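Colleague: This is what each chain is made of:
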Amino acid sequence: MAEVEPRSHDVLIIGAGGAGLRAAIAASEAGASVGLVCKSLLGKAHTVMAEGGIAAALAHVAERDSWQVHFRDTMVGGKLLNDPRMAEIHAREAPQRVRELERWGAVFDRTRDGRILQRPFGGHTHPRLAHVGDRTGLEMIRTLQDRAVATGIAVYQECTITHLTTTDGRVSGAIGYWRADGRPAAFQAKAVVLATGGIGRIYEVTSNSWEYSGDGHALAYLAGAELIDMEFVQFHPTGMVWPPGVRGLLVTEAVRGEGGILRNRLGERFMWKYLPDARRHEYAETDDEAMRWVEALTEGRQTDARQPPELSTRDNVSRAIYTEVKEGRGSPHGGVFLDISYLPPDRVRRKLPSMYDQFTELADVDITRVPMEVGPTQHYMMGGVRVQAETGATTRPGLYAAGEVAGGMHGANRLGGNSLSDLLVFGQRAGVAAARAAGALRAMPALSASQVDDALAELEEPLVRGAGDDPYRIHQELKATMQSLVGIYRTENDLDAALASIAELRRRSEGVRVDGPRAFNPGWDLVFELRNMLIVAEAVTLSARMRTESRGAHSRLDHVLSDPAWEHLNVVICPDGLAMRVEGTPAVALTDDQRTLVNKG
Amino acid sequence: MAIGLVFTGFIIYSLISSLFWLPEFGVAYEVEGYLSPFFSPLIAPGLLPPWFSPAILVLWIPLGFRTTCYYYRKAYYRAFFFDPPACAVGEPWFHRRYAMERKFPFILQNLHRLFLYLAFIPLAFLWLDAFLSLRHHDGWRIGLGGVLLFVNAALLSGYSLSCHSLRHLVGGGLDCFSCDARTRARHGLWQRVTGLNRNHAMWAWASLASVIAADVYIRLLAIGLIGDPALRF
Amino acid sequence: MAETILWVLRGSDRESARWIEYRVETEEGMVVLDALHWIQANLAPDLAVRWNCKAAKCGSCSAEVNGRPRLLCKTRLSDFPEGEAITVEPMRAFPLVRDLVTDVSWNYQVNARIAPFAPPADAPEEAWRWQQEDIERIQEFRRCIECFLCQDVCHVLRNHETENEFAGPRYLVRVAGLEMHPMDQGDRLAYLRTDAGAGYCNITKCCTEVCPEHIRITDNAIIPLKERIADRYYDPIRIAWRKLRGGSEPGEPPAPAS
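Chains as they are written, first to last, in the numbering used here: chain A, 9 to 609; chain B, 1176 to 1408; chain C, 7 to 264.
Be aware that one or more of the hints could be misleading.
Label-pair distances were calculated between CB atoms; the ranges are [claimed, not checked]:
#	chain 1	residue 1	chain 2	residue 2	range
1	B	Gly1265	C	Glu132	48 to 58 Å
2	B	Arg1357	A	Arg377	36 to 46 Å
3	A	Pro352	B	Met1377	38 to 48 Å
4	A	Glu469	C	Glu31	47 to 57 Å
5	B	Arg1357	A	Pro352	42 to 52 Å
6	C	Glu132	A	Gly342	28 to 38 Å
Quick look at which bits of chain C chain A covers, simulated, 3 or more residues with Cβ under 8 Å [unchecked claim]:
#	stretch
7	40 to 48
8	240 to 246
Everything labelled a hint here was simulated from the structure, so no lab data went into it.
Since the structure is predicted, the reported quantities are computational estimates derived from the model, not experimental observations.
Note that beta-carbon positions come from the ideal geometry of N, C-alpha and C, so glycine has one too.
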């Protein structure tokens, strides 16, 4: 084998966001030796950007809330395409996972009777999001990080994983490099958990961070695992649109949860027009009723008033804003107005401190005085590695996935707040399952020398190649392709064009060249991220092309209606030799009990 | 740098005024019912030799209070010790190994609270002086000197009540504010002190200026350079 | 399209690092990190800079702009006089990795030595209730994004080679958040006085000045900790009082605050 000594752990976790950290804690507490690899510094993962809160039916604010209602909301939000077993586990276990965070030192905002405060969010029947102002993700990651470190796991920071190894058909380790000096890194493990998050960097306008290049999706795919629901890419309705440098940066849904009103250039509160008829009764009927709801919220009391129309599900609000702008009623910088300035400035600053800072510091806009300008931004990947609901086991032995990289939990559209709870619930389950699987395996699987050598050679190639394309250029073209052809609205023609473009970019990417040393070289980083992003982009486009209907976050201009035939089908992607295979597969059916719950609302 | 110069000026003035401007040397510290704040409370002047300033018996308290004050520490560590001269710049070579407030003498900064307790004594007398100045020659008067004494007492109160140590003592040391009626009351106090504490630096400079102003005014009055405009009734 | 001149300190060790001039095409609202990305995409693809969220939430892109510690993603080009070159260099308090990237692993080592949150093991559900006012202080500390700018600017670490003796503002803030937690039973005062070297801080407040989260580090975290340390170790009245009551010795938790 080449010049690299592998580090051994029972459980290797790739990614140190909420899911990875929670999995690490669970696996460690289950007695496994745990290695946690992350490509950034510890505590910097994209989870820190989550703002609104953690959805869990604690029923602290609305006593009527229960896991059953949370389950129903999640399924309805996901247009019934969610894996119902995941949605049920999630709704049942989220409260316990939130309380546990508090036991580990998280400091949530309080209700008047001293319990964890919950705020309303789009698509949730009751105020349900445990939160800390608008920096809940930071609170969560810091709590988990401190806890994980205290359990004594090994943390490998700034280490990029580029390959998974397999031994006798079982995933047995990982290979990559240390970013600080570019030396190769190798790990062997009895079980590997992917917790690498999302795919935002395939789009131009995204709220996602640098890390989100679909690494886990691609690693799983390359290891032969199946991906599911890849056509469902969530566009968050409210991202910043100006200045250009921060275009796409998230404006938390909490702004609307606290009473933010969306208006177009003409001053119309346009969301009234876009409420789907089937759900109209869940929303206020008049500005007055919506205002009463906001007042009750501000004063912390119960109310009969129904929620404002701005709290419709994300897919719906995104389409509404997109349509308003497209039809010429947008704001000066191509968005719409989001107004919270009618509330007392003190309250805005207290409940939305990061938003206040973000707008004053980056856009010279004082949100306590004037409206924000916002527009849709790629935000979340509902699709991901296909996993078993109870364990997070993928379709490859020894490989687990949890968090955003895993698919199935959110169906066609994710509700705000359900991602943080997803990370906790399934991070914990994957950690336990991985530790258990590792415990059942007597010997550490040996790394195959040829796999290691091949991986290392592949790492070396772009640095030694004489001439070749520039990875930055290819990445820019990929983003432009995805943004214009595989965005909020899709057509077969666009998708075909996108596939042709992706194939061409893939061909060019195979001959990229990188200048400079191996140490902390962002161009070199980009080479492997680009490989991953191209796989993900192709999977998204192929899946979107196959689903000839509109559902949730997937809207086809050439198939504008939902097709009942597709209600029971998931699109699955898997490697087939060098090609990518895409096929429809029957969705997990709801049990009778689950169906009753869903039909209640 | 400006802060350092102003600060030095204040110190030099205070020393000269409180140690040498005595009746023995031709300048009174008490005139027309106004007592210079440096000398309050006036302790047994008759028992001291005339060249010995009675201010010495009192002045160490406010001096100690200000020297160990968290705000002044910042100011003079920066201005006098260049430790650091400003943020994100280098420091002189002789600082390489340096114990800061871990060893003598700076470890004594931890006694700030003792000076705080003591500082309330002269403060009470300064209020008393201000009120007493209202009564003069069997009549009532509101003179400019009296106003200065009141302003001075108020600013010094602001300075003392905005003290970091006081903030800790009234409630900062608690971990739970809402636990019972007593901690809730202390939380209320803590919030007030916290509000004042935000502007501790302002209180520090304003009260220093008011002490000097009151002293200058009384000395000018004593040597007859100015008169004391007053409402009398 | 306007042009801005950036001087970036590049290299793999402090001695041989060189200032390189880049002319960057700029548009309205750009931050320094945007300019560096433009350089990567157009002039120097291997320019090393650490960044993640580009939204001032992760604290990765710390560096020194015109000599002042800042987050690159939050520093707007328009904050500087037009036409004048802007310098960008790595944080000085940490070992250099390459270009603008420094090795901040020391911070994580310090963090690992802090005794973790320690609630009572058997506290019933009902005990986990407290009011917003009990936690507002801690919530301020927990806004910390660990950008380490306070560690970088702190003259004790930057100029005095005290890495083994002083934990730095970031970790005093973390300890303050634990010590003031209504449920925490840990006792970190001995640690603070000795290993963490709280006495090294001479409250000159540069950490507060650079904190991008506007945490009032000195006033709200460090000074209150210094006062708690004084309660136990330096206040002669309290020490005498504890002795009289036959109370605990230094090193043990003090009697409940009077």
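Colleague: For the range 48 to 58 Å, tell me whether the beta carbons of B/Gly1265 and C/Glu132 fit it or not.
Modeller: Holds, at about 55 Å.
Colleague: Go ahead and decide if the range 28 to 38 Å is satisfied by the Cβ distance of C/Glu132 to A/Gly342.
Modeller: violated (52 Å)
Colleague: For the stretch 40 to 48 of chain C, do at least 3 residues have a Cβ located nearer than 8 Å to some Cβ of chain A?
Modeller: holds (count 3)
Colleague: Using the beta carbons of B/Arg1357 and A/Pro352, state whether their distance is inside 42 to 52 Å or not.
Modeller: violated (32 Å)
Colleague: Do the beta carbons of A/Glu469 and C/Glu31 sit within 47 to 57 Å of each other?
Modeller: Violated: the Cβ-Cβ distance is about 32 Å, outside 47 to 57 Å.
Colleague: Per the hint of 36 to 46 Å, is the separation of the Cβ atoms of B/Arg1357 and A/Arg377 within bounds?
Modeller: Distance hint for B/Arg1357, A/Arg377 holds at roughly 41 Å.
Colleague: Tell me if chain A covers the stretch 240 to 246 of chain C under the three-residue, 8 Å CB rule, please?
Modeller: Coverage by chain A is violated here, the residue count being 0 at a Cβ distance below 8 Å.
Colleague: Taking the CB of A/Pro352 and the CB of B/Met1377, does the distance hold inside 38 to 48 Å?
Modeller: violated (27 Å)
Violated hints, listed in ascending order, are 3, 4, 5, 6 and 8; each of the other numbered hints is respected by the structure.
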